[in-house]
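Keeping their order, the protein sequence lines are chains X and S.
The first sequence begins at 1 in this note's numbering and counts up one residue at a time.
The second sequence begins at 1 in this note's numbering and counts up one residue at a time.
Hint data in this document are derived by calculation from the structure and do not stem from the laboratory.
Note that beta-carbon positions come from the ideal geometry of N, C-alpha and C, so glycine has one too.
The reader is advised that the hints may include incorrect statements.
[Said to hold, decoys possible] Here are some chain S residues the structure puts well away from chain X; computed CB gaps all over 10 Å:
#	residue
1	Pro132
2	Phe433
3	Ile445
4	Asp519
5	Ile600
6	Pro757
[To be verified] Short, incomplete list of chain S residues facing chain X, as computed with Cβ under 8 Å:
#	residue
7	Leu16
8	Arg19
9	Gly20
10	Asp24
11	Ser191
12	Leu192
13	Pro240
14	Asp241
15	Gly244
16	Arg276
17	Val707
18	Met709
For reference, the chains in residue letters:
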Amino acid sequence: MTTRTRRLALTVNGEAVSREVPVRQNLVDFLRHDLGFTGSHVGCEQGACGACTVVLDDETVRGCLVLAVQADGCDVRTIEGSGDLLGDLRQSFHELNALQCGFCTPGMMLSAEELLQANPTPSRQEIRDYLSGNFCRCTGYQAIVDAVAAVAAKRQGGAAS
Amino acid sequence: MSIGASVPRDRARRLLLGRGNYVDDIALPRMLHLALVRSPYAHANVGTIDIADALALPGVVAIFTAEDLEDAVSSWRAEHKLFPAMAAPKQFALARDVVRWQGEAVAAVLGNSRAEAEDGAELVSVAWNELPAVTDANQALAPDAPILHDDMDNNLAFQTQVTAGDVETAFNEADHVEQETFRFHRHSGVSLEPRGIIAEFEPSESRLTVHQSHQTPHQQQDLYARLLALPEHKVRVICPDVGGAFGLKHHLMADELVACAAARLLERPVKYIADRLESFLADVHCRDHEITARMAFSATGEILGIQLDDLFNAGAYGQYPRSSIAEGNQISRLTGAPYRHQHYRADVRMAFLNKSILGHIRSVGHPIACAVAERLVDLGAETLGLDPIEVRRKNYLNGDDFPRTSAGGVEFEQLSFNGCLDKALEIVDMTEFRREQAELRAQGIYRGIGVATFVELTAIGPEYYGEGGQHISAQETCLLRLEASGTVRCYTGTTDQGQGIDTGIQQVVADELGVALADIEIISGDSALCPMGGGSWGSRGAALGGEAALRAAATLKQNILNIAASQLQKDPGDLNIDQGVVIDGASGAAHMAVPEIARIGHFQPYSIPDGVSADLTVTERYASRGRMFLAGNGLQTAIVEVDVDSGLVTPLRHVVVHDCGRILNPLLVQEQVRGGVIQGIGAALYEELCYDEDGHLLTGSFADYLVPMAGEMPDIEVAHIETPAKTSELGAKGAGEAGTAGAVGAILNAVNDAIMPFNTSIAETPITPPRLLQALRRI
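Use the sequences and the hints to build the structure in full.
Okay, structure coming up:
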């Protein structure tokens, strides 16, 4: 068996990257093992758990359901490249203990940020529904919902709920 | 005060930046990747294993079968000397001759990448000879059942009985006896990060270094040393960031041992990360109990006696090193534990059958013991026409009943059942709920409320595994090192898997020592660096590790004061430390900063008179005495809505009132309890490892094995009562079991309350739509 490869050129966290990759390799494995962006995690490889969530051309995708070669020419952003953008979410997650083991957290925050961009004033149930593609086994989800709601309120200029 | 403050965790900052360091994030030079060839059958003879095609594949470096590992790894038996009659069949790292569950591994393929190793695994050809499989405990114990283990006459692994008082008389004289048969199906811990390991062997020094996603580094050090015949001090187990554990990661797993053996044989680092299908197939599982239980009542609702039969299974082997009996044992000791009855009998039988091994997953046995008793209380109250809340109150162990050894044989110091109930009733207006319930029923909307009282066994004492013969440390030691700058390193034997015990211990040390939290760094999860300890499982961190830290901090503080006193020409007893400064104990006047004392202690020790105790690296230990467990308690209330057409259950509201003694950090404890509740709701409504009659797993993905997601879950209100443990200075009890312990019973009772108008009931979890529709006789 020979493993077919293809050259891939894309932008990851603002930097141009060019690599030869196996065509069967998925995006999250490429990001983690070829580029060392280990902030995106692998929880199921079935597109169900959301731990591998990354941003591909401004939309969140499952890094395990996208082949690396499909990202050719694209702009990819992971948790590592989301520093300032997620500053208030990160602080809110920290203060309200919206994470325990942290394995779901990068994906959870990227999904939360996408929600807040699309809907700056989500209800608690809207937050819960939007984050229902991101499995968290440790928390009761409540602190996560609290943290996202607090950021939404702050961004609207109101007090944290 | 730092203890009791809601302090966020230091480690979380890194995790929030995506800078966590989980096992799969680590790569070592020339590292190989392990893929396992697993049995497609639940029970089969293993014939010839042909590896030639696989070995010829580019990227495949080596392949091992059981024979290749024969000299490298010892086999093991899951014995427990407190249960000497328990069968403990021999297990090997790779199965030889016979596989006993679907997913048991028979060959190890090492490749340059995981993908190449998997390519190789697919080309390994095994001559399987399928045998009849046993997939149900009743079937396993039937006279004609195929027997799993050659050295046994049947599949009965163990049976035991716990008894108190005179059950026969109590039941004969009762005004009413309630009976129900319950079925709690098999599920697992399902940490988001699967099991994972990197094993690295240095042949010139016989040194094995392991990075593993695990809860008990010292236990693993001991196991790897013994099973691989290495000197223990040459084995180092490092647990970096751990992506959730829930008991799943405090066992020996054969797969990980294979990785260690391969690393040794090949003298190259070997990584093994379980994928999700492997996790469902080969992780340890939990529950899978069938219980028939009876509760005897007087006409006024007094509980006179409880009797139960628990039939469960260990899976294919006993779980090592703890054995698989604990879940049955906990159920036999905890069922009805909140109540005053004197007459009690629990019979437990554990069978072997062709499924993955049953282990210790969060809240071992508790959710079942709680659900069984609490359902029977509701049923009894209903038949007797009594208020189920009042029946509970009438029977709760209360003030003067303590201290007490329960009918099931568990020591209770002081529990707060009535206090928890009172608080729950302040939060939930039962009268209003009943009014609304009646109103909605008239509209065809079926809501129910369920209450479940639970006892939470935490901080296991040294006697259980010590007498059992297991090498499992049940004491904790803390090492504190005052650095020359005056900051502190704290080394603990407990481990942090996200629950935040590192922060709790940091708070204890900060308080006792009188220095700022930021000046204390916690080092945990490293068997070479940290004092020998038990890790974190069974809610032991705060109660045991916290107490050891308190003692170590007291000793270090004394030595700091001794040095200060020697410089100040004062009595150390007249001094104290506050905010990092040695002060006069009476006036509060500042004398010297702790960094100044550290400098003197480390660099100018000649200025300290002989005979002054001035050690700036100290260790203290804590082991409980004379008790198996430290019991806490609590109560949960669930409100659900049942769609009687679809069978879907929607949790609407959930309230927990919990007493875990002194709370180190409410912010962390509250969400830990909520996370436990979510796992309990998962067990109650969604999570089930389903097998077909041949023992083939039907739920190998998250599409089939449903876990609770944010959208379905309610907000969970958590309140606390604090009854400090009397046997320790800190007064903390464990908190990690509570959420899961009570949620199944609360949901089960709530669903049954909701469907009461249909004159039916359900006693099987998870309460899936098909099961509920069957109970409602709609399908």
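Here is what the structure says about each hint:
For Pro132/S, the non-interface assignment is confirmed: its Cβ lies about 32 Å from the closest Cβ of chain X, beyond the 10 Å cut-off. Chain X leaves Phe433/S outside its interface by the beta-carbon criterion, the shortest separation being 21 Å against a cut-off of 10 Å. Every CB of chain X is more than 10 Å from the CB of Ile445/S (nearest about 18 Å), matching its label as outside the interface. In this structure Asp519/S is separated from chain X by more than 10 Å, as the shortest Cβ-Cβ distance comes to about 20 Å.
At roughly 37 Å from the closest C-beta of chain X, the C-beta of Ile600/S stays outside 10 Å, upholding its exclusion from the interface. Distance check on Pro757/S: its Cβ is at least 28 Å (rounded) from any Cβ of chain X, clearing the 10 Å threshold; non-interface status holds. Among the interface hints, the one on Leu16/S holds; its C-beta lies about 5 Å from the nearest C-beta in chain X, closer than the 8 Å criterion. Residue-level restraint check for Arg19/S holds (minimum Cβ-Cβ distance to chain X is 7 Å; threshold 8 Å).
Nearest Cβ of chain X to the Cβ of Gly20/S: about 5 Å, under the 8 Å cut. The hint holds. About 7 Å separates the beta-carbon of Asp24/S from the nearest beta-carbon of chain X, less than 8 Å, and the hint is met. The closest approach between the C-beta of Ser191/S and any C-beta of chain X is roughly 6 Å, which is under the 8 Å cut-off, so the hint is satisfied. Interface hint at Leu192/S: satisfied, since its Cβ lies 5 Å from the closest Cβ of chain X, which is below the 8 Å cut-off.
At its closest, the beta carbon of Pro240/S sits 11 Å from a beta carbon of chain X; the interface hint therefore is violated under the 8 Å criterion. Hint status for Asp241/S: holds, given a least beta-carbon distance of 7 Å to chain X, under 8 Å. This hint holds: Gly244/S has a C-beta 4 Å from the nearest C-beta of chain X, less than the 8 Å allowed. Annotation: interface hint on Arg276/S holds; nearest CB of chain X at approximately 4 Å, less than 8 Å.
The beta carbon of Val707/S is positioned within 8 Å of a beta carbon in chain X (closest approach about 6 Å), and the interface hint is therefore held. Interface restraint check: Met709/S against chain X, minimum CB-CB distance 4 Å, threshold 8 Å, status holds.
Of the hints listed earlier, the one the structure fails to meet is number 13.
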